Amino acid sequence: MGRFIVRRVLQMGFVMFAVSLLTFFIFNVIPNGDPAVRMAGRQPTETQIEAIRKEWGFNDNIFVQYFTMMKKVFTGDLVSYFTQLPVGDEIVKGLPRTLSLAIGAALLWMFVAICFGLYSAMRAGKFADRFLTIIALIGISMPVFWIGALMNYYLGYKAGLFPNGGYVEFSKDPIDWAYHLILPWTALAILFIGFYSRVLRSNVLDTINEDYVRTARAKGLTERQIMVRHVLRNSLIPIVTLWGLDFGAVVGGGAILTETVFDLQGVGQYAADAVGQLDVPPVLATTLFAAFFIVLLNAVVDIVYAYLDPRIRLQ
Amino acid sequence: MATEPATETTLQGPAAWEAEAEREHVHGLGPWKLGLRRLRRNKIALLFGFLFILLVAACIAAPLWADKVAKTTANANHLSDTITVDGKEKNVVGLDGVPVGPQWWKADGKFFLGADRNGRDIMVRLLYGGRNSLEIGVVAAVITTILSIILGLVAGYFRGPADVVIRALLDVMWSFPVIILGVALGVALALGGLKLGPIKLAGDSLAIPIFIIGLVYVPYMARPVRGQVLSLREKEFVEAARAQGAGPIRIMFTEVLPNLASTMIVFFTLLIANAILLEAALSFLGAGVQPPSPSWGTMIDEGVDRIATAPHLAVVPGVMLVLTVLSLNVFGDGVRDALDPRAKVRLER
Amino acid sequence: MAMLGRRALVLLVACLSMFVIGACGGDDDDGATGGGGGKEGGSVTMAETSQPDYMDPALSYTVNGWEPLSTVYTGLIAYKRSEGQEGSELIPGLAEDLPKVSKGGTVYQLTLREGLKYSDGSPVKASDFEHTIQRVLNLESGGSAFFLGIKGAEDYVKKGNAEADIPGIESDDKAGTITITLNGPDGTFSNVLAMPFAALVPGDTPFKNMTKDPPPGVGQFKVTESVPNRQFVLEKNKFFPDIPDDPPAHLDKITALIVKNPQKQAQDVISGKLDYMQDPPPADIKPEVKAKYSDRYQELTTASTYYFFMNTRVPPFDDPKVREAVNWGIDKPGLARIFAGETTPGCSFLPPGMPGFDEDIDVKDCPFGDPNKPPDLEKARQMIKDAGVAGMDVTVWSNNDDPSDKVGEAYADMLSKMGFNAKPKILDGGVYFQTIGNQKTKAQTGFANWFQDFPHPKNFMFLVDGASIQPTNNQNYGNVDDPEITKGIAELNKEPKITPEVADKWKDLNDKLVERAWIAPYGHRKLATFFSERMDFDNCARFHPVWNNDYTSWCLK
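Residue numbers (the numbering used here), protein chains in the order written: chain A, 1 to 315; chain B, 1 to 349; chain C, 1 to 557.
To be clear, the hints were calculated from the coordinates, so they are not data collected in a lab. The model shown is predicted, which means the values in this text are computed figures rather than measured ones. Think of the CB as a built atom: it goes at the ideal place given N, C-alpha and C, for glycine as much as any other residue. Among the hints, a few may not be true.
Stated by the list, open to error - With beta-carbon atoms standing in for the labels, derived distance ranges:
{"hint": "1", "chain 1": "C", "residue 1": "Asp-370", "chain 2": "B", "residue 2": "Glu-89", "range": "18 to 24 angstroms"}
{"hint": "2", "chain 1": "B", "residue 1": "Glu-89", "chain 2": "C", "residue 2": "Gln-382", "range": "38 to 44 angstroms"}
{"hint": "3", "chain 1": "A", "residue 1": "Tyr-119", "chain 2": "B", "residue 2": "Ile-53", "range": "30 to 36 angstroms"}
{"hint": "4", "chain 1": "A", "residue 1": "Arg-233", "chain 2": "B", "residue 2": "Ala-168", "range": "47 to 53 angstroms"}
{"hint": "5", "chain 1": "C", "residue 1": "Gly-369", "chain 2": "A", "residue 2": "Val-92", "range": "54 to 60 angstroms"}
{"hint": "6", "chain 1": "C", "residue 1": "Gly-160", "chain 2": "A", "residue 2": "Met-1", "range": "28 to 34 angstroms"}
{"hint": "7", "chain 1": "A", "residue 1": "Tyr-119", "chain 2": "B", "residue 2": "Glu-89", "range": "43 to 49 angstroms"}
{"hint": "8", "chain 1": "B", "residue 1": "Glu-89", "chain 2": "C", "residue 2": "Glu-515", "range": "33 to 39 angstroms"}
{"hint": "9", "chain 1": "A", "residue 1": "Gly-160", "chain 2": "B", "residue 2": "Ala-168", "range": "30 to 36 angstroms"}
{"hint": "10", "chain 1": "A", "residue 1": "Gly-125", "chain 2": "B", "residue 2": "Ile-265", "range": "23 to 29 angstroms"}
Claimed, not checked - No more than 20 angstroms apart at the CA atoms, straight line, and that leaves these computed lysine to aspartate or glutamate pairs for EDC-like:
{"hint": "11", "chain 1": "C", "residue 1": "Lys-379", "chain 2": "B", "residue 2": "Asp-81"}
{"hint": "12", "chain 1": "C", "residue 1": "Lys-208", "chain 2": "A", "residue 2": "Glu-50"}
{"hint": "13", "chain 1": "C", "residue 1": "Lys-373", "chain 2": "B", "residue 2": "Asp-96"}
Put together the whole structure using the sequences plus the hints.
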């Protein structure tokens, strides 16, 4: 087990390194405009541009630039080319917002998906099942920024039922914090509810037909006891795995669109703004941040699985 | 539960069983034919499949609509023009920049679904945009499928160092935040185009979003393919082929690949659906299809700012996109149900 | 870029591409005067769509930076705080008098007022001026270009040593004198001294971006809090001296929040949660604002010009007849619609409010037809056909900052209607200008605009000056090189003051530029002031031609 964990952690490190290389490569090899000229402002002169190049090390060869930038990432000195503000500060400020969005949405979608999926499975083949399936499929088919923008306008601005975007710190006012997040949570969750309810439904249906369920029924357990103790528990395991992976992916990138639409100013929105301007330091930092989450949750899921699997645990 | 009701056991012989089989029309059909039958019985899936074909046909017919009905093109601006509705003149784009909403047939089909901020006909752009979105979706799905099959086969069949390398590659791709990668590549390439040796692509070529989206989904499909190849590899018929002296390439193509087929087909429809959604997301962030070419994503992008004064700009392309993706999803679902013998309940009438 | 927050960057980038704005549009009424009326004191909350580029006077080069910073920092020379043309008048700021210019316009002498103190109480010294300029040059500020004309400035930058002396600036702290020597006469230098770049900061201000902790200055307000991307706070500065025509502020405190969503800002101003929003209300909400809240909303034409450049070194625009045809054929009122009515169609290159602006040629006597009427497409088409370039491929360049991309698409369509085969090419806002400014790109035609940095015609005319053509970072995107105009610009720039005669000569150059169709202007941008109910809109809402909305004039009802 210990060896397994060590191996996974090493793997994590390798992936992060590869991601950082790839990001840097994309920005420096593909023609994308000279950042020194951009930083020089509207009336750049050659002297100014040269001075900028010298100060920021743009004249160094690409490996030196890579190492300098990576060093800055670890020492927290990374500064945006264009706003001159430290990237680390921005990410730290945006982190609670992104996490609030992701965790809230994840809990919401799991809860609703379990209810829908279970209900669907129990009424399998009947109208309720087919109706819920169509609803789920509609959910999977909607672009989150579209439904988010529409909800924000019609429910937020027009009907005034919800605030029109923005974020309130939890420490300032927990109720207002939740109030501002209801629409974003819903928008983000719609997509996943659709997917997870269907996976759960099919897992439940598979499990119901397993032998041990029939045995349990023969033993005289009530339907409810069977559902909860055997069926649900076993159907949930693959779901939880997927959930871990998707949550990582949401923090890693899916949240970008939702944050942009609802103006939550989390890490995702920061990344989107920076990428549009080809501002390399924040993009590098946010990409590593996102990749880290994905990789971390992947590893956690793997390790938990390995723990549950006695073959690996006993190694 | 819906298992087959047990047939009555009688003491009749094989002849009776034959007769019974005749009655039930189960002549030992192969899995494909069986699948097709099940699909045919799934009315809802067929309905949505038909809807998808209808939408595709409408987009293919874009030039017809543009020439005969709307009498304009996808990029022609009508900023200062007017249309006559109920005898009155209406500005296509108002002085305050607000474009006119859906006219339906009131102006002889011109601006059927309204105009956009440049005075262009939304219906025409919707159909031409659909062509772009669908083209991107399908071709990207094809690229993903081909790459996934190659990588999955090589990794799953040969294992060893090839597997390790491919798995590492997939891990990295999987961990890369999709949107950031897509936007970064899209923005960077839109600027200068792509020059890879002999291949030269202009910045606004559709090949760029196609390439990005196709690449992004590879890990999602390559992993299950690899998993399946791993298990198929151990099956008896593969052993048998190997014993007969067939080389690995031959085995991959004649034994393994066909068995992957049903997985691939199901994945393919879902890939198209997801590719269309990803294209919309990239275009929304400015990294997908480049102006002035329309796509459903760019149209939604243009509309999101003007929901208050011109909601049709965002609603129309969004609804079209949802319908298309939904029909693919429902149909793909039906195909999966039909081909998967373990599926317990289907959407049947 | 939208990107991202892109959508919310819509109006932000409109602001970012502006530098300083001038008021004075002929048609708009002056609803608000400066000073008088309303009560003293009170505090106000405003919102901006994005953080000012820098909260450091040496670095900031955008409108949403200069609006607040012009109330916190004052230079040796300042502008009269009045509306309209009066506001463009230079007055002594921290100096006792306007500079004594000698030796053919190359030496400027000023004497500091006595007893000046910064907002932290420390005394202002004459040597602080050199330090201020050193910061601008050493930090590679966007404003460096304005100061490279000082003797020794180029060397200073090349050497890179922050503490090195700039030979062209000499000061005597005891006498309070400052002497600046230029390499050559520059008629704009007094205006340059009035820019926030040259506003004095203490001699010990570090050589780094002080956005998070702005240095003390001499201004009506001081910055008491600066949290980038969240908010900054201005509070009344009790050390602000008595400067004629530069009165103290009324309010005690202004809190500026960064709210990325302009819709939200507008809603909040309507409901009173906010008192002011820096950007105009978004196009979606504007109809409602204009209809219901016109008593606290006004639109003013700024000193800006939106135009299409036409590269005279690249076919088909090397043919003057083709350039004329374009001017005949572009749909100026149509383009105004893309701006949701926020531009005033016009044909003059020098904008309203700028000395040398020609009211007649702008509308009434426009050589290419009334800019408020549809274009003469037939004539344009015929001219293009006659020139033999019909059907030619033309790439129209623009950037993706709203609505520049829509403008690019519309312009391409207009060129196609004229007979070309035109296609737009939209680049990201951040790389656009450097791309079209690179001769290698051979950009044929595309989007361009300019907002005045200060009310001196050279600030606009350098864009069409043959002498400013460069191989890279070229701002004369069309490579306009009319010998008569180039010579005229060089001569007029030697004039230390803009007298009515000098202004007329600039007007003449403007007319020639327009008549000869070197560029294709189509309008001037309008900006807005939108207040909440509690602000005194009628008496305390000064719109300054250089600083835009003047916070020092604000007061509550």
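These are the hints, each one checked on the structure:
{"no.": "1", "hint": "C/Asp-370 with B/Glu-89: 18 to 24 angstroms", "result": "holds, 20 angstroms"}
{"no.": "2", "hint": "B/Glu-89 with C/Gln-382: 38 to 44 angstroms", "result": "violated, 28 angstroms"}
{"no.": "3", "hint": "A/Tyr-119 with B/Ile-53: 30 to 36 angstroms", "result": "holds, 33 angstroms"}
{"no.": "4", "hint": "A/Arg-233 with B/Ala-168: 47 to 53 angstroms", "result": "violated, 34 angstroms"}
{"no.": "5", "hint": "C/Gly-369 with A/Val-92: 54 to 60 angstroms", "result": "holds, 57 angstroms"}
{"no.": "6", "hint": "C/Gly-160 with A/Met-1: 28 to 34 angstroms", "result": "violated, 57 angstroms"}
{"no.": "7", "hint": "A/Tyr-119 with B/Glu-89: 43 to 49 angstroms", "result": "violated, 56 angstroms"}
{"no.": "8", "hint": "B/Glu-89 with C/Glu-515: 33 to 39 angstroms", "result": "holds, 35 angstroms"}
{"no.": "9", "hint": "A/Gly-160 with B/Ala-168: 30 to 36 angstroms", "result": "violated, 52 angstroms"}
{"no.": "10", "hint": "A/Gly-125 with B/Ile-265: 23 to 29 angstroms", "result": "holds, 24 angstroms"}
{"no.": "11", "hint": "C/Lys-379 with B/Asp-81", "result": "holds, 19 angstroms"}
{"no.": "12", "hint": "C/Lys-208 with A/Glu-50", "result": "holds, 18 angstroms"}
{"no.": "13", "hint": "C/Lys-373 with B/Asp-96", "result": "holds, 16 angstroms"}
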